[in-house]
Amino acid sequence: MLNYAEKPFDDSESLGVLNPYVREWFTKNFGKLTPPQKYAFKLICENKSLLVTAPTGSGKTLSAFLSIISRLFDYSLQGKLKDKVYCIYVSPLRALNNDIYKNLTRPLEEVYSLIMKEKGVDILKSNIRQVTIGVRTGDTSQQERHRQLVRPPNILVTTPESLAIMINSEKFVENLKSAEFVIIDEIHELANNKRGVHLALSVERLKEIIGHRMVMIGMGATLYPLDEAAKYLVGYSGEQLNDCTIVDASWSKKLDIKAMSPVKDMIYTKEEEIEDALYKEMDSIIKKGKTTLIFTNTRSGTERVVFNLKKRFGYGEGIAAHHGSLSRESRLEVEELLKKGALKCVVSSTSLELGMDIGAVDNVLQLGSPKSVTRAIQRIGRAGHSFESVAKGEMIVLNRDDLVECTIMLDAALKHHLDAFLTPKNALDVLAQHIVGMSLTKKWNTDEAYALVRNTYPYHTLSKDDFTALLNYLAGNYVGLESRRVYGKIWYDEKEGVFGRRGKLARVIYMLNLGTIPDEVAIDVHSGNKRIGSIEEEFLMQLKVGDVFTLGGKLYRFDHASGMNCYVTEAQTSAPTIPPWFSEQLPLSFELANNIGEFRKEFAGRLGAYIKNGKFRSPRTARIPKEIDDYLGTLPIDDNAKHAIFGYFLEQLLFCGAVPTNKQILVEATKDIESDTNYLIFHALYGRRVNDALARAFAIVLSDMLSTDIGMMVGDNGFVFSTEDEKLDMNDKLFDAVIAEIDATGIAQMLRRNIRRTEIMKRRFRQVAARSFMILRNYKGYKITVRRQQVNSQLLLKAAEEIDPNFPVIKETYREILNEVMDLPNAQRVLDELRNKEIKHKHITTPLPSPFSHSMITFGHADVVMMNERRTYLQKLHRMVMKKIRGADETDK
Amino acid sequence: MRLTSDVELLEGLPVAYIRSLDMLVVSDLHLGYEGAMANKGTFIPKVNLRHILETLGNALNMTKAKKIMITGDIKNTFSDVITDELNELFDLADFLKKHNVETALVKTKHDNFVERYSERMRLKVYKDQAELGNYLFFHGDTEPEIGDKTSMMIMGHEHPTIGITGNSGKRERLRCFLYGEFNRVPLLVMPAMGYFSSGVEVNAIPASELLSPMFKRTEIDSMRAIAVGYGSTVDFGKVAELRKV
Numbered sequence: 001m002l003n004y005a006e007k008p009f010d011d012s013e014s015l016g017v018l019n020p021y022v023r024e025w026f027t028k029n030f031g032k033l034t035p036p037q038k039y040a041f042k043l044i045c046e047n048k049s050l051l052v053t054a055p056t057g058s059g060k061t062l063s064a065f066l067s068i069i070s071r072l073f074d075y076s077l078q079g080k081l082k083d084k085v086y087c088i089y090v091s092p093l094r095a096l097n098n099d100i101y102k103n104l105t106r107p108l109e110e111v112y113s114l115i116m117k118e119k120g121v122d123i124l125k126s127n128i129r130q131v132t133i134g135v136r137t138g139d140t141s142q143q144e145r146h147r148q149l150v151r152p153p154n155i156l157v158t159t160p161e162s163l164a165i166m167i168n169s170e171k172f173v174e175n176l177k178s179a180e181f182v183i184i185d186e187i188h189e190l191a192n193n194k195r196g197v198h199l200a201l202s203v204e205r206l207k208e209i210i211g212h213r214m215v216m217i218g219m220g221a222t223l224y225p226l227d228e229a230a231k232y233l234v235g236y237s238g239e240q241l242n243d244c245t246i247v248d249a250s251w252s253k254k255l256d257i258k259a260m261s262p263v264k265d266m267i268y269t270k271e272e273e274i275e276d277a278l279y280k281e282m283d284s285i286i287k288k289g290k291t292t293l294i295f296t297n298t299r300s301g302t303e304r305v306v307f308n309l310k311k312r313f314g315y316g317e318g319i320a321a322h323h324g325s326l327s328r329e330s331r332l333e334v335e336e337l338l339k340k341g342a343l344k345c346v347v348s349s350t351s352l353e354l355g356m357d358i359g360a361v362d363n364v365l366q367l368g369s370p371k372s373v374t375r376a377i378q379r380i381g382r383a384g385h386s387f388e389s390v391a392k393g394e395m396i397v398l399n400r401d402d403l404v405e406c407t408i409m410l411d412a413a414l415k416h417h418l419d420a421f422l423t424p425k426n427a428l429d430v431l432a433q434h435i436v437g438m439s440l441t442k443k444w445n446t447d448e449a450y451a452l453v454r455n456t457y458p459y460h461t462l463s464k465d466d467f468t469a470l471l472n473y474l475a476g477n478y479v480g481l482e483s484r485r486v487y488g489k490i491w492y493d494e495k496e497g498v499f500g501r502r503g504k505l506a507r508v509i510y511m512l513n514l515g516t517i518p519d520e521v522a523i524d525v526h527s528g529n530k531r532i533g534s535i536e537e538e539f540l541m542q543l544k545v546g547d548v549f550t551l552g553g554k555l556y557r558f559d560h561a562s563g564m565n566c567y568v569t570e571a572q573t574s575a576p577t578i579p580p581w582f583s584e585q586l587p588l589s590f591e592l593a594n595n596i597g598e599f600r601k602e603f604a605g606r607l608g609a610y611i612k613n614g615k616f617r618s619p620r621t622a623r624i625p626k627e628i629d630d631y632l633g634t635l636p637i638d639d640n641a642k643h644a645i646f647g648y649f650l651e652q653l654l655f656c657g658a659v660p661t662n663k664q665i666l667v668e669a670t671k672d673i674e675s676d677t678n679y680l681i682f683h684a685l686y687g688r689r690v691n692d693a694l695a696r697a698f699a700i701v702l703s704d705m706l707s708t709d710i711g712m713m714v715g716d717n718g719f720v721f722s723t724e725d726e727k728l729d730m731n732d733k734l735f736d737a738v739i740a741e742i743d744a745t746g747i748a749q750m751l752r753r754n755i756r757r758t759e760i761m762k763r764r765f766r767q768v769a770a771r772s773f774m775i776l777r778n779y780k781g782y783k784i785t786v787r788r789q790q791v792n793s794q795l796l797l798k799a800a801e802e803i804d805p806n807f808p809v810i811k812e813t814y815r816e817i818l819n820e821v822m823d824l825p826n827a828q829r830v831l832d833e834l835r836n837k838e839i840k841h842k843h844i845t846t847p848l849p850s851p852f853s854h855s856m857i858t859f860g861h862a863d864v865v866m867m868n869e870r871r872t873y874l875q876k877l878h879r880m881v882m883k884k885i886r887g888a889d890e891t892d893k
Numbered sequence: 001m002r003l004t005s006d007v008e009l010l011e012g013l014p015v016a017y018i019r020s021l022d023m024l025v026v027s028d029l030h031l032g033y034e035g036a037m038a039n040k041g042t043f044i045p046k047v048n049l050r051h052i053l054e055t056l057g058n059a060l061n062m063t064k065a066k067k068i069m070i071t072g073d074i075k076n077t078f079s080d081v082i083t084d085e086l087n088e089l090f091d092l093a094d095f096l097k098k099h100n101v102e103t104a105l106v107k108t109k110h111d112n113f114v115e116r117y118s119e120r121m122r123l124k125v126y127k128d129q130a131e132l133g134n135y136l137f138f139h140g141d142t143e144p145e146i147g148d149k150t151s152m153m154i155m156g157h158e159h160p161t162i163g164i165t166g167n168s169g170k171r172e173r174l175r176c177f178l179y180g181e182f183n184r185v186p187l188l189v190m191p192a193m194g195y196f197s198s199g200v201e202v203n204a205i206p207a208s209e210l211l212s213p214m215f216k217r218t219e220i221d222s223m224r225a226i227a228v229g230y231g232s233t234v235d236f237g238k239v240a241e242l243r244k245v
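These protein sequence lines are chains A and B, in that order.
Sequential numbering of the first sequence, starting at 1, is according to the working numbering.
Sequential numbering of the second sequence, starting at 1, is according to the working numbering.
In isolation and in its complexed conformation, chain B is listed as follows (with noise of 0.2 Å):
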């Protein structure tokens, strides 16, 4: 789905494209999290990797991107780099490098230490934000400093999804980008890519409950919701509108 003349909305995938930067954005990867709930007693079949690795190749096919920004939580845990993390980590360098793509990521509290292998995984990492053409990213933890030549913010965090209610009676959460403005200025919220970061359905809760201190400031119920599923990519309209259903 085109977003605008330089942006898209891979069909199907929790991913964005950028034409002028031949990049793809993708956000809240959690790398490790299985591993990390099996070091607390719950022994999660291993899946999120695996996902995320089938989702790049196939947008990397669709597109021949040469890059790819991560806008913050590449890994799960805060304090530490834990051995699963690590493992996760090297093989996803690992398909990258081999796909000749070079990686970037907005670095958050979940991902302290990967400044540590960064070289061993040829990625670059941004304090905060990174400013790439007119395209602002950040992860959406804290308010970035928004320059003048911003065209479009872009960030992660928030994880987020609407609850849709079907004819059978069934609630069906649907991963989503958002789509809107914050101080006047275009703003895209990414879908989380990991496979376990379900989220929260932001039009069952009222905004107050939202993560993000950007929906502080700007009103969720104005921004677009873009779902992502069974292999296409819908826009559902406004929040607002969605809470009604």
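So that you can see chain A by itself, here it is in the shape it has in the complex (with noise of 0.2 Å):
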């Protein structure tokens, strides 16, 4: 069962479950306890498992760890504190853990020297030792290794990947034990993906291990929905969710937030202005504070604003960028630097958005919307030293579309509504893994196993079916018996139901194997004969035949791949269809979308009433009646943002009459300026991941009824169909036609079809086939290149498909792409919802595309520092735009 705890214990009360020393320690160096810690103390005492959120700095490592420390120096006091793991720590960072060791050094050592000052010499007669921690990652040395097995470390701290190790250890399992506690830290950032799952396998294996329950501690700076989180943390016993207390004090920490542009006009502002304009907004806040850490959303956008800052202010080595491409070292070393307090700013990608302490940022700016609440609050949140300063944050902003999300996500922040996570279910990739793992460790009844698989919340309701056929495939049973010996990885009796290991080999494909992180790979990518540059794999994944991307300063139209090679043709067209960074940019949050749903019709419904005879009418033209003006005010915007919202929606309105709300797609046919393209777009304000799976949807069904091909851009805020000689037409009946017939081949069929034979279904198949163990990387002493892989993986995908569509390697790459790259719940929601009539339908016909609309018809442009070509024709169509809102007031006079 799930209670969340009510109310804080008294500082006394928390206190006096503490042994005396570790009490000591404590007060002599906090003064009080911090909200988190108010709760934790005494429930942890009381081995009752623990879901913690509570905000960066607000002590909450300690408030897992202290009550374990008690314990521990209470088993050391009775002298019988063994060289046995008490605790396992796991986060997703190496980088955290080394922290997290560094961090806990000083209190046990600083406890056990109160100890042994009071106590002298009888610390050897009672045999009281100190409290021990190791850290075990990749980075292990085998030396160290060693002596951990041989002496373990009381609170060992480790990763998902290391502990998976462990748990198959024959000898090291041994010195687990004993353990009492597992802590998992940054949660957040393991219950969402498949390292997640695999932990949660781990953890319960180890549970079956040891025989006895653990108290389970989670920990996460922003986690919605908590529920989930705590049933991914805690588990189930059979039907019966386990017991788990939820301590939410998440919002202890005061936000001082604002969106801003540094323009007052976001069209018509000449670049160099606008460049000036955002350096002098970004130099002024940074001469103002000591540390100041920015956010780019994209690594080269991390180069450029160094580069910048540096060429304009003259910042010498007082600025450094953060960000994922580069080495290690010097990361750490920015790190190290941001610490001692030694740099004026940081800028970084994503890469310093979790983790480690960074030491006292007093103000974060963020470029560009980063298309979350929860990544909004957890990058804000890295500034302000305490839990009890104010984390001062400021996003700058340069399109009209970016400032409304950024506006409406920091609203939301601020009233603590965040984005939910989703847990995978049912994963059968990293389920494969583990049933390999338990056959190493004993024979198991299938049922037995099951069940324990069950116990996980990320496999709660996986069928026994599925978990039959992953039994079946790996027993090697998809090629005749006199094969089995090599391809099975497991041996399984079917009749006994009983399965175990298989020869020697599998416990070293299982140790090399393991893990959940696939390889990254660069393309080539060829013109012609000639090899031109290479993109990563994830961008490929995306492209779509007859896309047009940017690579070296060119435009390419993207005509097909193989292997780990692109081929492409230069491009005749003026814009990308595919922006450079795409893979780097997030999609944005369902939730979220929503929320700016909402925000545009009760904004256009406000300003709707100042509209008489499509035309503007207030007190004094052109200036924001005041009853609007009021409203924009509560929100956390300047006032050259509120100009620009203000006149986006009036531009919008008096345009076409109609604004898109989350309740209201608006279907938009109209012509380009400049070419002969027809658009026909679908202003469906529903996110990235959901409108692909709407989009594709809705161009097969569309292209069969009109039989012709159709171009196709997804974006965050719709989608867009194009065709260049045929006008692409929609009205009520054509849509609602549309949706019966999405219905009665249902969605999920529909788009298994249409992603069978593309880019990303070969590529993300050879992922989950390695994770599968179906490609082994390493065996045998073969280590197989991802290029040789995936040459392996299209053959392979062939003939699994050959012999079984249902090949559980195959309905799993299905489920990643349908569940993870595209929201298919949530499109089905939406279906769901225009059906009955809940969300509505509009279609008009415009002369040009509507204001809306312009940023995802030049969606390729849409980069924080925009390209100078984008500009030109965004204003052009504004300029129109603008022309015709006027003429019609003229004719009307």
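Certain hints may be false.
Unchecked claim - The following label-pair restraints were derived from C-beta to C-beta distances: (1) B:S222 to A:N529: 38 to 46 Å; (2) B:H99 to A:P825: 52 to 60 Å; (3) A:E538 to B:K97: 51 to 59 Å.
Calculated directly from the structure, the hints in this document are not laboratory data.
Beta carbons are placed, not taken as given, at the ideal position from N, Cα and C, and that holds for glycine.
If you follow the hints, you should be able to join the two separate chains into one complex; please do so.
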């Protein structure tokens, strides 16, 4: 059962449960308890499983550890502390692990010296031992590992992958049998992905191996929904959810946040002026504070900002970049400097978003939209020395869609509306690894094993059929009897319902190939017979035939890909359909998208009251009416931003009389102002993952109905279909017919068929096949490069499809694409609401694209620092829109 | 599809039939491919042999031929005969025995050690090349010696395919025969029969990247590509033309 801790305990009550020496140390070093500590000390002492959510700098780590340290010193004073592991701490980051180690070493030493001072020689007589701590990750040396085997640390700090190896190490697992506590830190970074799913199975297996309950403690700074995280943390016993107490201290930190525009006019201000204003603004913020942390959304953006700040304002060594493409050494160096307070400013893409203590940052600046409330809070939460100080953050925005997005995002942050995370359910590839792992330790009854797996939250709804299909696959039952010796990873007797180890090789395979993070790959790009550069595989996966993208300053059309090569031809158009940072760009969350849709509805409603006969009626023309101004004043924005939002909505309303909302999809038939391209623009604000699914389904049905080829662009705010010659028209009847057609086949079925022959299918299949041990990266001394894996995986997919289209590895690939790359459940929800008219649709034809569609059709250029052509194009569009609005005005007169 | 008065390309199959010799010609079976891959850690479901037996069964039904010529690469590994290959070779042999067919093979470096089993397999093994009637069979990894009365040369080795981009923008790769001339003697290049031997797109890569030395001395662009797939066999015209689409 889950329950929420309602009231904090008194400080004296909390401290009263601690070991006296630990209590003395704590009171000496800290004046009082922080909010999470007021709950956690006592509850953990009572052996309650706990989910703690509290902001960075709120003493969260100690809130989890102090009671454990206290317990271990109790053991020590009783002379019964052994060379055993009592507490396992797991975090997703090695850097964070090293940090925890450093931060705990001090209290352990100081508490022990308090004891030494008082007990003197009794320490030896009574066998009062120091409580030990050790780190074990992929970086840990062989020597250190050996030492840990002989003398294991009482507190073991590790990663999910290392834990998975330890539970399968016959000797080391003995040391884990005394574990009483498991701490999972940064739980939001695990519970939402396959690494976390892997960890959940490891923990469940550990429980089974040691045969007793452990206290589970989960921690995270930004977590929603808390119930989901708690279920992930504690899992089930049979059908019964295990107990967990939820401590929500997440809003104890105050936020001072604002979205702002450096210029009044976001469309006609010259690019140089915008840049000047942008960097001046940044400079003044940096100068005011001691240390400023700047987040850009891309690695290239990070470099560009550092370059400009240095060039313009002469920041020398006081400013540094920190992102994933930099070497580990240079990142560590920057982190150290940051902790020492030696830097005036650090610019980062995403890499400093979580984890280790980065010292005193007093201001966070975000350039462009971070696309999710959770991420915004995580980033801004890096500011403020302690939980008591205010986290100060600014978002600088350079286009009007981003502005609306960021405004609503910050508003949601202030109102404590976080985005929901979702745990992947029933991922067959991760389970395949663990079944192999399980088979190594003993002979299993399949029902017993199935029950164990179902005790974890990610697999609680796993069907027996899927489980059995996996056993059959792992036993190599898809090949003839004589080959199973080689193909089989486990031994499985279906009749008896038992499985276990097959051969000596299985252990090596498991140890060398486990893990869930796919290898990164660079794809060579060829034009004609020339190699022109390379792109990331993630980027390639997003490309459809005919997509135009930039590489080395030129535009190329994607033709086809084969293995690790991508073939393109130089494109004659002026705009790319996929921006270069596309694979780095995170999709807008569904929740936030809905919030924006609600705002659109509310604001357009208020504004609509001032429009009569297609004209804006205000007491004083072109000024914001007071009521509207007051309403905008409730949002976290500056004056420039206020005007920009007001102008944006007004233009849309005057131009076509309709603003799309979360409950009304606007379908706009229009054409390009510079070419013969016809557009059908679906203003559907649901985020890219949902729109990806919706757009594909609509395109399949429409191109069938109209028997024409349709080009497609998908973004967060909607999707755009384009055709060259044929005009695309949409109306109520046709729209409903499309929905009916999608329903008839089922969107899942439709999408499955649609993605079957795509790049993303081939490549995700490779990753799933590697995770499922169907392609081994490391086998009998062979190390197979990703390049080879890719070649093989295409054959593999073809052959596997032929023997069984529901082969577990194929099934998992579809599941992953539909639920993680796309968002099928929410796409289905939108379709359902369209069918029962909760979401309406409205159809308009416009002589040129309406203001709200401008960023969608020029989407390829939508970077923080805009490209010139895009600005020119946008200005031209805008001028035409304004001419039309004024023209109507004039004839009216 | 009739290629000459004596040679027919069986509809939809990567198989040629020579009437005067009552003989099927196939090439590049690569038996044991999946087993070899599994030994390196990629566990491909076994479909190659099944496909080959199906195809041969169809071809034998269509023609009632009494002989089969394999122009090289019956199996996959150079240096040895691995267990999987042996099993599959024997399965193939049993199948052919059942159909009462005589089998001949032009041996290549993939076919090392097959002699050891040739008796058990009732396999007639030719080294480098075989001349039967007016036909010269060879693998294609080296140039053959052409006799005076040779009316057609037949080889494998290249695994030719053509790449075609369809209306929907998706590119498809189809196996094909190549038919043209070498030193003014008609030359037929066989498509690979192996399920996984997808080969290269001859209309996409430059001639210099082709495997066989034969194409150093003859213009592949002047050869015709006859594609096999979806149950039919279709002449797509000259490779030169296909490069343009």
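Comparing the hints with the structure gives:
At roughly 20 Å, the beta carbons of S222 (chain B) and N529 (chain A) sit outside the given window of 38 to 46 Å. Here the CB-CB span from H99 (chain B) to P825 (chain A) is close to 54 Å, well matched to the stated 52 to 60 Å. In this structure, E538 (chain A) and K97 (chain B) meet the distance hint of 51 to 59 Å, their C-beta atoms being roughly 53 Å apart.
Of the numbered hints stated above, the single one contradicted by the structure is hint 1.
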